[in-house]
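Here is how the chains run, residue by residue.
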Amino acid sequence: MENVEVINITQKPKLNYLNNGDTVSSWLLTRDHKRIAILYLISVSFFFMVGGLFAAGIRLELLTPQSDLFESGTYNKIFTAHGIIMIFLFLIPSIPATLGNFFIPLMIGAKDLAFPRINLLSWYLYMAGAGIAVWALMQGGVDTGWTFYVPYSTTFSNTYVVATGLGAFIIGFSSILTGLNFIVTIHTMRAPGMTWFRMPLFVWSHYATSLIMILATPVIAITLLLLVLERVGRVGIFDPAIGGDPILFQHLFWFYSHPAVYIMVLPGMGVISELIANFSRKRIFGYEYVAFSSIAIAVIGFLVWGHHLFVSGQSIYAGLVFSFLTLVVAIPSAVKTFNWTATLYKGSISWDTPMIYALGFLGLFLIGGLTGLFLGAAGLDIHMSDTYFVVAHFHYIMVGGQVMAYLGGIHYYWSKMTGRMYSEFWSKIAAIVTFIGFNLLFFPQFILGYLGMPRRYASYPEEMQVLNILSSAGASILGVGFAMPVFYLIFSLFYGKKAPDNLWMLPGLEWRTESPPPTENFYETPIVTWEAYEFGEESGLDFEEARKREMATI
Amino acid sequence: MATNVDTHALDHHYHPPGLQHQFEDMGQQQESASIGMWVFLAQEIMFFGGLFTSYLVFRSKYPMAFAAGSNHLDVVMGALNTLVLIVSSLTMALAVYFAQKSNRNMQVIMIVLTMIFGATFLGVKAIEYTEKYNDGLVPFTGLNRRAKDDQHNRKSLEPESQHEQSLPSPNNPGHQPEAHGDYINPRGDFQWSDTSLVAIAQQGNFLTDWEKTGYFEDGEVSAARFQDKVRLFFWIYFAMTGLHALHMVIGLVLMAWLLWKAWRGTFSAEYYSPVEISGLYWHFVDIVWIFLFPLLYLLGRHFGGTH
Amino acid sequence: MQQNSWIPLFPEQASSFAWQVDALYFYILAVTLFFGVGCAVVIFFFAVKYREREKFGRGADIHGSMPLELTWTVIPFVIAMTMFVAGAYVFYNLYRPPADTMDVYVVGKQWMWKFQHGSGQREINELHVPVGRKIKLTMTTEDVLHDVFIPAFRTKADVVPGRYTYLWFEPTKPGKYHLFCAEYCGLNHSGMGGWVYVMEPRDFDNWLAGNVSGQTPVDAGRDLFENKLGCASCHQQSDQGRGPSLAGVFGKDVRLNGGQIVKADDEYIRNSILNPQGQIVERYQPIMPTFKGQVTEEQLVGLIAYIKSLGGNSTTGTTATGSTNNAAANSATNGIAAASGGVASTNTIAPRGDRGNTNSQGSNPNAPGNRSEPTNRQR
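Residue numbers (my numbering), protein chains in the order written: chain B, 25 to 578; chain W, 83 to 389; chain P, 43 to 421.
None of these hints come from the bench; they were simulated from the model. Computed from a predicted structure; not experimentally measured. Hints should not be assumed to be uniformly reliable.
Said to hold, decoys possible - Cut-off 25 Å, straight-line C-alpha distance, at most; resulting in silico cross-link-like pairs (DSS-like, lysine-lysine):
#1 P/Lys-97 <-> P/Lys-156
#2 B/Lys-521 <-> P/Lys-97
#3 B/Lys-452 <-> P/Lys-91
#4 B/Lys-370 <-> P/Lys-97
#5 P/Lys-91 <-> B/Lys-370
#6 B/Lys-521 <-> B/Lys-38
All chains, full assembly: derive it from the sequences and hints.
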């Protein structure tokens, strides 16, 4: 840690977290939350690409009605790998471990997270678990589907279930430790004056996410352990012939995996709150309602897991209870969406790339969320369960929602994290290409689902081919849309214009320090006297002067 | 010490020993450590929760099998362990108290006592597990004692007159435990043959629907099928107490570290938070056992008389 | 399925409650379109109308509005409740079989469906039902989870090992409808489908009695081979299937496991169908189930005629290329029960081996040693 700053403005680059130590060990043994965030950013992006390659395999196979591209066994491994990698290695850590790690301390005016070493351990656990999963993949993979349903995974599958299960188990602890860190940090490390209701909504979302992370993840951990023990020891907990119950596995599995989807989407919602408020240059409409709806989603989200079991043989009364609760959990998301929309009203909206992603999120999350209603209505779910309708629904939320939010957040914070600016032209094109490709890819799947095309099928009836071809075409366009940022963002690292500290003149604490920030975040502990998203004088920023400066440069 | 005014805190660059760089002051650090430990414990509860759920599900499906298994756990040792843990929680709480009072010697003594009790718990558990190993009650093939002598195959299904004092082998009820080597178990399988509880439940008509099909084959009680369910009980027993014992071991390691630090005089009224949060962890491990003991050892138990 | 439209949008409605499901769908669709399009339009409109006039301008200083929050919490809640009630009503109807049903027993196994009518008639991968009768399926599975899904009837249910699950429907329109397995079950999950034939009551009675409408023996045989009996799932064009290709086999010499060579004549084909374990082709596994009791003499004639009619390369003739597949069979996955006469064996059809992947069946990388223990069903 530097106690003395040596600033020679004309020659030496300013000391910031990126150049403060450039040995390998200064990165791999760092305790700086920002460096850990960058480590995660690289790993998570890598796994996103790997998962995307598997998706390409799926869409290529589905161009034709026959199962003719891959052997059935291989296809099964491909969609399983796609699911496991995207969910455990990408979606769950994506925003919390990258943007959350980087910006939560900055947003609340802290020097770091509460437990920096645990944060680093979190990354190592992630890499260890990912390593085991990749090893299992290279040995031949798993073919059980990411849901590992028994008895197929315990007694019938001849693939690397144990290794993959253990990999996921370890990654679970990475998630738990991240959540633990966030909760403690948010409770105890807010700067003076930063009350709960002055925090950015990004922090609220991550608090809600962390609640789920710590309470739900241990359940999948023990479930995976039971799965492994059952497979190895054949005790019978899930084996009906010996007295066990395969449906017990489904209940235990979904008890985590449903809240997990909220782990995946809540951080995205947090990013969107930031983007909408900041790019409309006004506070979020109904701040408290948005904050509490995050908590409500987290809490109610624990009560709806049975909607994955409507057709499983579960009692119809249980089904009715879960259907009711599922429709209830839709309400807080609706409230958020309305509040975001209302924030746009009388805003001063700039159409920068992050805002494009945010608007894209709004549209796609609307569709994704609304289609959840179809699935929550129990009678309709009977027809649609396990079909492509469900696949389309969750991809609209996960990709159309979360990934858009992730990309929006990366673009938004690019100048802050790297001190560079990317090409606005190319980024807007990428956003539009992504939006088009995404819709072409997934919208036909709603129709396919209602027609009756089941999930996890390598072959399908001929009459469904046209829709599948449309979908695969969309996949290739989406691939281009996702690939483009890789190029122009990396390009910007070397050739991009240097960014000013507060590129868009925003009032958040993270914007009040340098781009990129110094290792200790703030030279002096900030003292907060203004509301969140304060675009007036109370913020202490001189917007008027900034405006004049901008007008003068035109 | 609380009596002196600490002017050091006024000095901008002074960092009390033990203050980590991300915190503003010790108060923040201690609060963080405390909240952190509570959050961690919440997570641990959910971790055990999956096992408790499985226990509940299977107990309600096969109460007789679970009662049979439960009756063969040694309630004396279980109760002893419960007592040991409760006392260890007392000594742990006292360790925290003495740390707060900056009393180094008493702290150390209390931590040592806590460790002794913890080790005792593990020792008793080891004895119990060994008994299970000897009796062929470990639910994994190969992990039970293999038979030495194949001339004395005395598997008897006679259920009457259990000796209350000694622990009868389930294969030879009424047989004295010293002669374990008699029964055959060449592969180290789980073995259970006493289905007497089923007959009793059948007569009293309190078999559950699952039991009415699960224990029977062709209308007769099937020892093999009953054995499967008892094996489930023991599996859950080992999983839950095993996971608990693992946490106990981790607790002992934690105590060892704490002991070392306490011996060096690290903890005082100004800085005792590690003792406090270690105490929290220890109490948690204790509480889990308080739940495990009645669920596994006491429910369904019949004291004295016949099953 | 039915319409010849270029892009089909809906499956046919062929059951008495299909209209309820579709009505619910359209209701929710209408509501979601209204709110979805409405919101999207408003969002777009605001985004355009309130575009910044100057860089770093300031938006209006609005905090919120409790009445508005209440409105857009309560109204969606009420609407969601209507969806719940409607959904619950339909759910109840779909999942509570009425009393006066015709019963069919269903057993799923990797990767085929076995149906048995109350009258004893058995079918594989096909289900014939009369129109206008209430049918109840009582289902289970021999191995892993599967699911019976009939889109045209708008209903599905998982089948679970160790217990029975139920499905009911009343077909309203004669025709041929897809049946899919909708719970992932391993290698041939996509291929585990079939057809439901809804027939007029008279035709159904005829069918039950075993009459086949005028088909040539070869056609009848082909129908049995490819659809009704599922032979084609193992005996494929290439030798990569679980069973040898039968193209051109008739009349050739066949080398059996054990070295003998027999001629593939009528008798050979017939025995292979009725007592397959007696003569296994070299390098193939003895996993073919017997069809004794499931084929009539007439059907045997059809099958033999069909196989005779197959031309093409027969590699099982004199030179057995021998597949490296399903190699070490699947004592790993299931005990192989010797097929007892009259009852189709309960073992799993060995999954198609992956090309070049020697790790497919038989060597479970995870379990300690091979599982020689018999499967669940066979304790």
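The hints, checked one at a time:
1. A threshold of 25 Å between alpha carbons decides the hint, and for P/Lys-97 with P/Lys-156 the separation of about 70 Å lies outside it, so the pair is violated.
2. Taking the CA atoms of B/Lys-521 and P/Lys-97, the gap is near 19 Å; set against the 25 Å cutoff, the hint holds.
3. With a CA separation close to 20 Å, the supplied pair B/Lys-452 and P/Lys-91 stays within the 25 Å bound.
4. For a cut-off of 25 Å, the pair hint linking B/Lys-370 to P/Lys-97 stands: about 15 Å separates their Cα positions.
5. Restraint check for P/Lys-91 and B/Lys-370: satisfied, since their Cα atoms lie roughly 8 Å apart, inside the 25 Å limit.
6. Between B/Lys-521 and B/Lys-38, the direct Cα distance comes to roughly 16 Å. Compliance with the 25 Å bound is thereby established for this hinted pair.
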